[in-house]
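Can you build the whole structure from these sequences, using the hints too?
There are 2 protein chains.
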Amino acid sequence: MSIIVQKFGGTSVADSVKIKNVANAVIREYKDGHHVVVVVSAMGHTTDYLVKLAQEISLKPNHREMDMLLSTGEQVTIALLAMAIQEAGVPAVSMNAAQVGIFTESVHTKARIVDIKTDKLHKNLNEGKIIVVAGFQGITKDGEITTLGRGGSDTSAVALAAALKADRCDIYTDVDGVYTTDPRIVPRARKLNEISYMEMLELARVGANVLHPRSVETAKQFNVPMRVRSSFKHDDLGTLVIGVDSMEIYRPVSGVAADLTQVRVAILKVPDAPGTAAKVFTTMANHSISVDMIIQSYAKEDNTNDIAFTVSESDFDQTLKILEQVRKDINASEIQIDKDIAKISIVGAGMIDRPGIAADMFSSLADSGINIKMISTSEIKISCLVKKEDAHNAVKAIHTKFNLDEKTETQVAV
Amino acid sequence: MSIIVQKFGGTSVADSVKIKNVANAVIREYKDGHHVVVVVSAMGHTTDYLVKLAQEISLKPNHREMDMLLSTGEQVTIALLAMAIQEAGVPAVSMNAAQVGIFTESVHTKARIVDIKTDKLHKNLNEGKIIVVAGFQGITKDGEITTLGRGGSDTSAVALAAALKADRCDIYTDVDGVYTTDPRIVPRARKLNEISYMEMLELARVGANVLHPRSVETAKQFNVPMRVRSSFKHDDLGTLVIGVDSMEIYRPVSGVAADLTQVRVAILKVPDAPGTAAKVFTTMANHSISVDMIIQSYAKEDNTNDIAFTVSESDFDQTLKILEQVRKDINASEIQIDKDIAKISIVGAGMIDRPGIAADMFSSLADSGINIKMISTSEIKISCLVKKEDAHNAVKAIHTKFNLDEKTETQVAV
Chain R
660 MSIIVQKFGG
670 TSVADSVKIK
680 NVANAVIREY
690 KDGHHVVVVV
700 SAMGHTTDYL
710 VKLAQEISLK
720 PNHREMDMLL
730 STGEQVTIAL
740 LAMAIQEAGV
750 PAVSMNAAQV
760 GIFTESVHTK
770 ARIVDIKTDK
780 LHKNLNEGKI
790 IVVAGFQGIT
800 KDGEITTLGR
810 GGSDTSAVAL
820 AAALKADRCD
830 IYTDVDGVYT
840 TDPRIVPRAR
850 KLNEISYMEM
860 LELARVGANV
870 LHPRSVETAK
880 QFNVPMRVRS
890 SFKHDDLGTL
900 VIGVDSMEIY
910 RPVSGVAADL
920 TQVRVAILKV
930 PDAPGTAAKV
940 FTTMANHSIS
950 VDMIIQSYAK
960 EDNTNDIAFT
970 VSESDFDQTL
980 KILEQVRKDI
990 NASEIQIDKD
1000 IAKISIVGAG
1010 MIDRPGIAAD
1020 MFSSLADSGI
1030 NIKMISTSEI
1040 KISCLVKKED
1050 AHNAVKAIHT
1060 KFNLDEKTET
1070 QVAV
Chain Z
660 MSIIVQKFGG
670 TSVADSVKIK
680 NVANAVIREY
690 KDGHHVVVVV
700 SAMGHTTDYL
710 VKLAQEISLK
720 PNHREMDMLL
730 STGEQVTIAL
740 LAMAIQEAGV
750 PAVSMNAAQV
760 GIFTESVHTK
770 ARIVDIKTDK
780 LHKNLNEGKI
790 IVVAGFQGIT
800 KDGEITTLGR
810 GGSDTSAVAL
820 AAALKADRCD
830 IYTDVDGVYT
840 TDPRIVPRAR
850 KLNEISYMEM
860 LELARVGANV
870 LHPRSVETAK
880 QFNVPMRVRS
890 SFKHDDLGTL
900 VIGVDSMEIY
910 RPVSGVAADL
920 TQVRVAILKV
930 PDAPGTAAKV
940 FTTMANHSIS
950 VDMIIQSYAK
960 EDNTNDIAFT
970 VSESDFDQTL
980 KILEQVRKDI
990 NASEIQIDKD
1000 IAKISIVGAG
1010 MIDRPGIAAD
1020 MFSSLADSGI
1030 NIKMISTSEI
1040 KISCLVKKED
1050 AHNAVKAIHT
1060 KFNLDEKTET
1070 QVAV
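Sequence order for the protein chains is R and Z. No gaps in the numbering here: position 402 of the first sequence is 1061 in this note's numbering, and each next residue is one more. No gaps in the numbering here: position 276 of the second sequence is 935 in this note's numbering, and each next residue is one more.
It cannot be assumed that every hint is accurate.
Repeated chains share a single entry, so a pair holds when one copy, or any two copies, can fit it.
What the hints assert, rightly or not - Distance condition first, Cα-Cα at most 20 Å in a straight line; then the derived EDC-like pairs of lysine to aspartate or glutamate:
{"#": "1", "residue 1": "Lys719", "residue 2": "Asp674"}
{"#": "2", "residue 1": "Lys892", "residue 2": "Asp674"}
{"#": "3", "residue 1": "Lys776", "residue 2": "Asp801"}
{"#": "4", "residue 1": "Lys679", "residue 2": "Glu715"}
{"#": "5", "residue 1": "Lys677", "residue 2": "Glu715"}
{"#": "6", "residue 1": "Lys800", "residue 2": "Asp778"}
{"#": "7", "residue 1": "Lys776", "residue 2": "Glu803"}
Because the hints were derived from the structure by calculation, they are not lab data.
Written out as structure tokens, the structure is:
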């Protein structure tokens, strides 16, 4: 019998009426003849409420105690959802992470899952029960309660699907799938029926907030088919996230995204000596600052380089402080800042085999009179920095250039 | 080093300010050089809120899932209290029942504790930490979450004190101790410095709501000294509940209580045959109805008995339904009801050795012109039913008769 893992987020279980709706969605899958494991988050604003309580007591609450506190949110939801399923006449049982045996590293507030026990899960599934599992939480081998950090519940669901060798992991959200770009910017954005793990990852990294990269990485690692689908439209199959080799359609470009939350930082005239770039980025990493779009120019005549990269606005102040010290240490001349940037990216697994994709992107921007400030490329992604005011026009121009505007799938896959 | 177990109820931890106050009370004991284990309930109205959520989903929610749901309440409190203690610079760690190893029977919503592991507790105490334990909850050997039912957190505290061989178990409440009677009825009611387990039990059963009988029974069984004291008055030592042989002062009567929530039920002309009384009370027990003050008259000339007893008002409707069937089965003539009753009780471990206590009680009622409807006695308790309107006067008269009005202790212990 096939196993389906379903995941519902906080807004889908925000009150008792919504929990009953989720129960119906779960039971529908069960009555279609599947074993069902459902993973849920804390109800609506529960986590915010608990965080507020903690902050009334301590501005810097102990991480272990935060996990003890926050993990209660999911435990409330699993009990209520199990009751709602039972109330509809279907056997169900709730399990928290300790009861399942979702083992993580001994790290609080952002632990990674290292092992999931499946014996109790299989036992309950074989008894005909729907199992409701608390997302976001784990337990260490010493019995300490941990939480998984951002994207935690999605990751719980995918990891459970991997451990159970489930046929599919359905992530229910408030959107009905993954789009070629943000439909609020480009009304003709098209929902994708399929997308590869790698494309999804790159899209997530450039600002498409549908799935947390961590859950996609886990799905990719264990080859778990994920489906992003709407909590509200039962008939809509959403978007299937799978491996490239399983994809039916193979597009050069799957999506366009704009990220307006980055700041460009450049360190000018860095002496061209071994270890200088390492020094810069190791220092940043030691302060847990993520860096994107690193570019280093060829050494100039004076034997110096310019190193440029982007960081998130929220890390900007700390970045400046750190870099000023680093600049002195490596004897660079100046730090240059550009806040007026938007990162426009195209993502597509088909890009690898097709020359000219980058050229097409750049020319579509040029045709719209948009100046490119910086470029960086990976195997399946090309990103350009443009002015913030050009972001929307850039996305629209590229979207049209790559035939992503709404049509039938086959017409696009030329 | 001595071990003190402290317990704080829901009203003492109702918000972050109160939690900080509790932290201070805990730290005070710690700085006096004790190992401290503190047991807490869910914050204020949390449990009511969770019950309401469950009832929105199911009118008769599954008991296992109710335990899963309600046990989150205490887990929130332990995390917050541990944070508050840490914030004050003292090492603390929270532990839920699963982490401590508070094992119960496999019964939901009213499990009894069967074993408590102490290794993790001793380890943390020896590391100089204050341990904050979730009250009211337990775990079965299969890892199922249970709750202990009414009086659960008090019972958790006493059971932990017993397992740890603690020097004392302090139950912090909103009253400052155990009184000779309800101070709202008799302003001259006196706080007792000491009371025996048995007296406390009998007082609890007749309507003094300071401690749940279950926790007192546990304390008696393991000889754990309990102290009932105020969350608000640090200098007040409250009332010590101990074994009779540890008591310094030995009074014939320790307290007077009135219970206005009972209804008297009589079954008239029950044929005097073996098994009829058993039939009546087994049927009541099967419907989980507690019966108090059972009286059976001697058989009359027509070989019938009258059987009378009291039940709680809340069980009254169900009692009538059940009894009407029983009455037919045992061929009794009639069921008689009296709702206009108050049960007045005196309790005292010294009663056993002293003749005339019952006579003194009855005569004090007679002197006040109060008619007695029914009498029942145990070794250390005498209860009389009187009219509801006579309840306050009865308590006052008896209180004065037994020299319980406020004076010094020595004057009373004549």
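Hints and how they fare:
For the homomeric pair Lys719 and Asp674, the shortest alpha-carbon distance between copies (18 Å) is at most 20 Å, but the shortest distance inside one copy (30 Å) is not. Taking identical chains as interchangeable, the C-alpha atoms of Lys892 and Asp674 lie at most 20 Å apart only when both belong to the same chain, with a minimum of 19 Å there against 41 Å between chains. In the homo-oligomer, the alpha carbons of Lys776 and Asp801 lie at most 20 Å apart both inside one protomer (15 Å) and across protomers (15 Å), since each shortest distance falls under that limit. Taking CA atoms no more than 20 Å apart as the test, Lys679 paired with Glu715 passes between copies only; the shortest distance there is 10 Å, against 33 Å inside one copy.
Taking the shortest alpha-carbon separations for Lys677 and Glu715, only the inter-copy value of 11 Å comes in at or below 20 Å, while the best intra-copy value is 30 Å. In the homo-oligomer, the alpha carbons of Lys800 and Asp778 lie at most 20 Å apart both inside one protomer (17 Å) and across protomers (16 Å), since each shortest distance falls under that limit. Proximity of Lys776 and Glu803 under a CA criterion of 20 Å is satisfied in both settings, with 16 Å inside one chain copy and 16 Å between copies.
When the structure is compared with the earlier hints, no violation turns up for any of them.
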